[in-house]
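*Asks:* Using the sequences and the hints, build the whole thing.
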Amino acid sequence: MRPTEIRRSDMPGPKVYNLWWGDKGVQKQKGIVTYSMSPFKQRAAKNMFTNWIFNGYRRLASQAVYWAIPFAIGYGTYSWAKRYDAWQNSKAAHVAGHGAH
Numbered sequence: 001m002r003p004t005e006i007r008r009s010d011m012p013g014p015k016v017y018n019l020w021w022g023d024k025g026v027q028k029q030k031g032i033v034t035y036s037m038s039p040f041k042q043r044a045a046k047n048m049f050t051n052w053i054f055n056g057y058r059r060l061a062s063q064a065v066y067w068a069i070p071f072a073i074g075y076g077t078y079s080w081a082k083r084y085d086a087w088q089n090s091k092a093a094h095v096a097g098h099g100a101h
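Each residue of the sequence shown is one higher than the last, beginning at 1 in our numbering.
Hints were generated in silico from the structure; no laboratory data involved. Ideal Cβ positions, reconstructed from N, Cα and C, are used throughout, including at glycine. Careful: at least some of the hints might be erroneous.
Computed spacing ranges between beta-carbons, pair by pair [stated by the list, open to error]: (1) 94 <-> 74: 26 to 32 Å; (2) 73 <-> 95: 31 to 37 Å; (3) 63 <-> 88: 34 to 40 Å; (4) 42 <-> 73: 42 to 48 Å; (5) 93 <-> 54: 47 to 53 Å; (6) 97 <-> 56: 47 to 53 Å; (7) 58 <-> 93: 46 to 52 Å; (8) 93 <-> 49: 48 to 54 Å.
*Replies:* Set out below in structure tokens:
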């Protein structure tokens with residue numbers, strides 16, 4: 001749907017309350033408070049990297065049991081499979097498995 005079709009439709013805008021479905025007339029919204037902060041007052045990345053060094057290490061170390069052990073098992077399986085596949089495709093494996101050809 002193109003934006004112009006949405007604009008021409010009968011959908012109510014953001015400042016309209018209870019229109020188009022019930023269509024009781026335009027009523028002002030009540031009890032909605034919006035807060036904002038100046039972009040010059042907020043510092044989204046204040047001390048982000050310095051705090052991560054200590055807090056990130058603490059969080060990773062506390063979860064190490066849950067990711068390090070499965071990673072080690074997976075990596076061990078992967079390296080064993082690569083070695084075994086290389087041996088299977090080598091001359092030594094063909095001689096050991098099939099005798100002399």
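*Asks:* It remains to establish, for every hint, whether it holds in the given structure.
*Replies:* Taking the hints in turn, this is what the structure says about them:
Judged by the Cβ atoms, the range 26 to 32 Å given for residue 94 and residue 74 holds: they are separated by roughly 29 Å. Between residue 73 and residue 95 the CB atoms are about 32 Å apart, so this pair conforms to the stated range of 31 to 37 Å. Distance hint for residue 63 and residue 88: a CB-CB separation of about 37 Å, consistent with the stated range 34 to 40 Å. In this structure the supplied range 42 to 48 Å holds for residue 42 paired with residue 73, their Cβ-Cβ distance being about 44 Å.
A hinted range of 47 to 53 Å for the beta carbons of residue 93 and residue 54 is consistent with their spacing of about 51 Å. With their beta carbons about 50 Å apart, residue 97 and residue 56 fall inside the hinted range of 47 to 53 Å. Checked against the given bound of 46 to 52 Å, the beta carbons of residue 58 and residue 93, roughly 48 Å apart, stay inside it. Distance hint check: the CB atoms of residue 93 and residue 49 are about 51 Å apart, consistent with the given range 48 to 54 Å.
Checked against the numbered hints given earlier, the structure satisfies every one of them.
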